[in-house]
Every structure is written in structure tokens, then in C-alpha cells.
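S.K.: Fit chain P to the supplied structure of chain X, relying on the hints for placement.
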Amino acid sequence: MAEAVVETNFQIATGSTPQFEIGHTNTEVFPKLSVNELVITFENLATGELTAAVDKVSIDIEPGEFVSIVGLSGCGKTSFLNAIAGLIKPNSGSIRVNGQPVSGPGHDRAVVFQKASLLPWRSVLNNIIYGLELRGVRKNEARKLAEKYIEMVHLKGFEHYYPHQLSGGMQQRVNLARALVCEPEILLLDEPFAALDAITREEMQNELLSLWEQTRKTVLMVTHQIDEAVLLSDRIIIFSARPAKIVEEVRVNLPRPRTPHLKDDAEFDYLAKKIWGQIHTAAGKKVNVEYEI
Amino acid sequence: MKSDKNKVFVRKFKQEFQSITLGGGVIVALLVLWELASNLQWINPMFSSSPSRIVSSGWKVIADGSIFKHIQSSGLIFIYGYLLAAVVGIPFGILLGWFKKASQAFGPIIAAFYTTPRIAMMPLFIIWFGLGIGSKLALVFLSAVFPLIVNMQTAVSNLDKDLTRVAEAYGANRRQIFWTIALPESVPFLLTGLRLATGRALLGVVGAEVFGGAEGLGYLIQYAGATFQTDIVFVCVVIIAAFGIVMDRSLLALNRRFDVWRGND
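Protein chains in written order, with the working numbering: chain X, 1 to 293; chain P, 1 to 265.
Derived from the structure by calculation, the hints contain no laboratory data. Some clues are possibly wrong.
[Said to hold, decoys possible] Okay, derived cross-link-like pairs now, DSSO-like style, lysine-lysine, Cα gap no bigger than 30 Å in a straight line:
#, chain 1, residue 1, chain 2, residue 2
1, X, K115, P, K100
2, P, K100, X, K89
3, X, K115, P, K69
4, X, K139, X, K115
5, X, K217, P, K161
6, X, K217, X, K89
On a predicted model such as this, the values are computed, not experimentally measured, just so you know.
Pulled out of the complex, with its shape left as it was, chain P reads as follows:
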């Protein structure tokens, strides 16, 4: 027996509608308040900007195309750094999780890196790799790689004992356990790692560009801030935030598909 499909749909729609209107309502209310405060001169629009100024500035930099080279520059650093982190971090994490000696050997240095704020090393990267893309890539890579390493290591070193016992009972060797148990079991951890890495990589991109260079959203933020163009700062922040949210939600949606594996159906 199933209850009326329409009823279920209406119930779901109501819930969804309520959550959107409440969540969106608060944002809209704050934006209106901000706009009013700025228009009525309660706050100085030069320092705090206003939603309408941000929209018009945003429109302007899009219309004259000046924002795109910054987006492209930041985007490329993000993509290269993120991919490099994935290509290095995923296999390395698996290696550490699978071989106890590898984790004993590299564990301490990874822990040291993991807890050091990577931005603190940016001056070194600039000395080593120059002011161009090299130093920025280094920072993005080092920001994004550790969540991936740590997540993959955790996944592969904490396999479900019931499953490995089944594999062993049916005569699986280490290699077969790796391919048939360890790898599939680590997929949800991989997605969690990728989500964390997204946030870290964005932080790395902006941090690297603020530090030095002549283009990119981070550079623009830094430049616009120094010249009191607060609306441009906000435009950049909105772009970065929007990109981060889209990435995060996509990975989260993908991750949900694996919930059933973990028994949180």
C-alpha cells in the first residue's frame, strides 16, 4: 500500500517551499536592511557599499569584460592546483592507508604539514617558484592535498572487518582485498576529501593572489580594497562564494548517493 502520490508530493513541496522561503527570506531581509541603511546614510556607502551598488558594479565589470581575465586566471590556478592535489593526494593517501610502514614513515611529517597554515609558507614559495603561477600553484596544491591524503588514508586503513573476513574466507589475497573491498569502500571518503579540498583550494587561490601577482580575483580584491572600491571587493567575494557553493553542493549530492553503503538509508 502506498499513500496518494499527490499527497506525498504536496507534503514534500510544502516542506521544500517553507525551507526556501524562510532561508531566502532572511537573506532578502538583510539585503533590504543593508540597502536602506546605505541609502539613508546610516552607514557610509564608501566603506560598506550596498546591494544596488554591488549589482551595478558587477554588471559593469561583466559588460566591459574586465572581470573575465581575473576569473580565468583564478580558475586556471584552482583547476591545476586541485587536479594536481587529486592526482598526488589520492594515490599517496591510499598508499599510506594500505602499508603500515608507509604511514609510520610519513605520518609525522604529514601531521606537521597538516597543522601548519600553508599561507605562512607563501614567501618561501615566491622565492622558490617566482611570482608567477608556480608559487600560487604550490600554495593551492599544498592546501588541497592534505584533506585528500588524510581521508584516503583513513578509508583504506579502517576497512569493515566483516567484509574483509568474508573476502579472506573466500580465499582473497591482499591484492584482491585491495581491489574488491578497500577501493570501493573508500569512494565515499574520496568525495568527502574532495569537498574539503575544494574549500582549502579556494582559500589557497585567494591567499596566493592577495600575496602577489597582477591578476586574479584575489589580486582584484586586494587592489579594490586598497583603493576603497568596496563594491568590487564584494563582487569578487560573491563570485568566489557562488563557485564554492556550486562545487560543494554537487559533491554533496554525489556523496548522498553513497549513504546507503554506510547504512544511513
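Just chain X, with the same shape it has in the complex:
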């Protein structure tokens, strides 16, 4: 379980990965996700100008761990997630899932995007099975697989609705179910509730919490909602302003299973404030921080 992971500084943890690889052939000893010294630089195709987005970031995530990355807008955290999803090519460094290097998107990872981005010509059900269809699962079979997750995200009865008939919150549930039904090794969440209104966002956070308590998936979530990160995560990684570096790692040792009531807890408050403080100092350390939206 996630709690069993030795409390180590992440540098030590990543430094020890190669030893695991040499010593054992059993895949169980590998972290679920292992990112080593990842560098992402963007080139402006018109001017040839280079912008560093992510600078030598290393992260290990254990099976069943819920990890969040928080940081200022535009700090490069979404680029980091996109690289893990295989949507952008990192300039250097490595990404491994169960010890296997990955390049490009794969069935072992599924992304929940900030915008629901549902295919408007497909019903809820057909949107949910889109990922399965792409990997060649027969429609009938895919629909059967989807049933469980439709129930899990409370979309029962809405299977034949079209995206434009749904509220933003419900669209995001479809987005979530579309990722879950693929049963990925790692679930990647890219500011999944940022586009929702405050009330719906809180509802969805609570639902994601209970969903996670049921499934115990390995999750990497990018967010700038600190309460969201504290409520859901086992570990929170704080990114600096661009280019993103890890400033601090905070372990959230609040007991599981958690409920939304945790937010009233004094320790919850303490952690949230601490993370706020660290994000601010991280921004303050750099003189010319660009605040971008």
C-alpha cells in the first residue's frame, strides 16, 4: 500500500531505481511510474526560440499511490503530465511504467483532460467506450465493460444522452468513466475539475475521493486547487515557476478511508496552509516570475 512506502526524499528514491533494475527481474519491485530527470523544452517554430518548461524532474510513484502536482499556472506541470501521457516528447530523461520505458501514448495510461472533450456525435455510452474501441475491443463487449463504470460515476440512465444535453459536471463524469473503463495502470488527471463551478467542483472532488477509495488506482493528478490535492493525495509535489523543478514534497498522512469531512480537520488546514506557503516562497525565490494564465 501507499502508506507502506518508506518516507524518503525523492532524490534518494530515484537514485536507487537502477539498483532495483539490476538486482531483480520481478516487476513488482519497480515503482508503478518512474520519471527520471525529465527535461521538456519548447521551440517556437517561427522564431526558433527555446523555452524550458520542465527542468530535470524525477518522480517515483508506487502502486496504488495518489500523487498530486501543484504549482502556479503555466509552471509546466501540464507539460509534465502530457509527456507522461506520451502526448509530447521530452528532450531528455526517461519515463518508465512498471520498469518498462514508454514513448508515446499507451494503454497502460489514461488521461482525464481539463476540458471534457467528448465527441459530440457520440452518445454518453459510446463516448465512454471510445478508448476501448480504439484498441479493437468489440462494441458489445466494450458496452458490457462500461456498465460497471457508468454506475460508478452515477451516469446510469444517461447512457443515450448526447454531450450537449449534459451539464459540465456530468460531461466530466463521462470523461472520467472513459478513462476508468480502459483500466489503466496509471490514471493521469490534468486539472480535471478546473473548468467547473465551485459547487460542482466540490461534488466531483468528493466523488473522485470515494471512487479512488473503491478502486485504489495509481493516480497522478495535476491541479492548482490545494484543498483538492490535500483531500485526495498521499503525496503532494510542489513545482516551482517555469521551468518546473520540484521545490518540495509533502506527504499527506491523513487517515484512509477519507471523507469530505476531512476538510474540517485542523491537520487538513495546517497542510493546506503549509503548501500555500511553499508555493508562494517557490514563486518568490525567482525574481522575474511570469504569472501566466
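M.R.: Just chain P now, kept in the frame of chain X:
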């Protein structure tokens, strides 16, 4: 909570009624004015005809059946030319939109064709394909094909980036993106292309027939005009316009069903 269904119906009916009475009223008023002007000899009915003359001429050519061979001839050219344009233009446009090199290769020549008035090439078509159906088909085809090519190209080359990113994230290859994203997304553009092509094709039919030949509505317009049968000219114009409006409205109605895809619900 929903408000009273009857109230909603009455409100809609009132709006609909108002728009029909106002729009129709203006047309009727103009027709009456035209009829009066002609009857009172303010204008010469030989040059300008009148609604009653048009109706009676229309009735006559329908009753003696002389108009039908022209309608049939024009209709066939329209249908063949339009279908040919669809069969060639839609796949070709998709090809240009999907393969960047294809669009770089064929883009300039298409732009050149697109901006040239096709009717200017009719004498060439007559030389190449003869005075029969060949030259007319060529003109109708070339009139209708470009809106289809350009619309399909635009659709397929400007896909919603959020959707293609989702497809990629779930492991779609190029072929799968084409079938699951590009094709469905281009349906509304296809309907817009078909609407534009209708207008162009009708223009092509009439233009080709005016240019040469011995039947068709365009020929009849040209012949009736030359012999001062202005009422017959108007009968033909009304037939063509009515057909164009029906085509356009049908495609527009079909197109509206896709508005929700574009988020204009």
C-alpha cells in the same frame, strides 16, 4: 418546472404567423402593384409582363406539356453534374485536407479555378465536348465541384485539437483519427458545401443552356427573351428559383441538426 405548453405554442405560433404575414405581405403587395401597373398601362406589358400573364402562360405550358421536356432536360443535367461533383469533389477535398503535400501540390491550381468564372470556359467545353450534354455537364460539374472540394478540405484540415488529442491519448493511429474524428467532424461542412454547390450548379445549368443547345429551361429563357415572350421567361425563372429554394431549405434544415455539434445549441 415548465410553463404551460399551450402558452408556448401560442407564442411560437404568433411569432411564426407574424413573420409569414410580413414577409408574404411584402411579396403580395409588390405583385399587386406590378399587376396594377401593367393593367393601367404604366408599364408596357410586352416588356415587363404581369403576374396574371405569367400565371396564365405557366398554366398553358403545363397544360400542353411543352414545358416538361425542358424541365426534364435541365433536371437531368443538374442531377448528373451535381452527383458527379459530389462523387469527385468530396473525396478529393478530403484528400487535400488530410495530406498536406496534396494540398501544397493542388492548392494553387484549385485557387486559380475557383476564382475563374467557369462560364468563361464554355466555348472551350463546346469545342471539346460538343454542343450536346457533354459540354453542359462539364460546366455544371466544374461549377459545383469547387465549393465541395474547398469545404471538405477546410473541414478535414482544421480538426478540433482537443478531440484529436483525446484520440491520441487513447492510442489512436492516423487511420483511426481519420475515421472516428475527421469524418464525423466534417459532416456539417459537407452540408454547407452541398448547399453552395446547389446554387452554383443551377447557375451552370442555365448558363450552359443559354450558351447553346435546343432544349432546357436556359434555352427556353434565351429563346423566349429573344422573341419577346417575357411571361415565358418569368415562368422559367420561377421554376428555377422554386427548385433552388426547396433544395436550399432542405439542406439547411438538415444542417441545423448538426448545430449542437458546433455548440450553437
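S.K.: Indicate, hint by hint, whether the structure satisfies it.
M.R.: Here is what the structure says about each hint:
| no. | hint | in the structure |
| --- | --- | --- |
| 1 | X:K115 <-> P:K100 | holds (28 Å) |
| 2 | P:K100 <-> X:K89 | holds (22 Å) |
| 3 | X:K115 <-> P:K69 | violated (58 Å) |
| 4 | X:K139 <-> X:K115 | holds (25 Å) |
| 5 | X:K217 <-> P:K161 | holds (28 Å) |
| 6 | X:K217 <-> X:K89 | holds (25 Å) |
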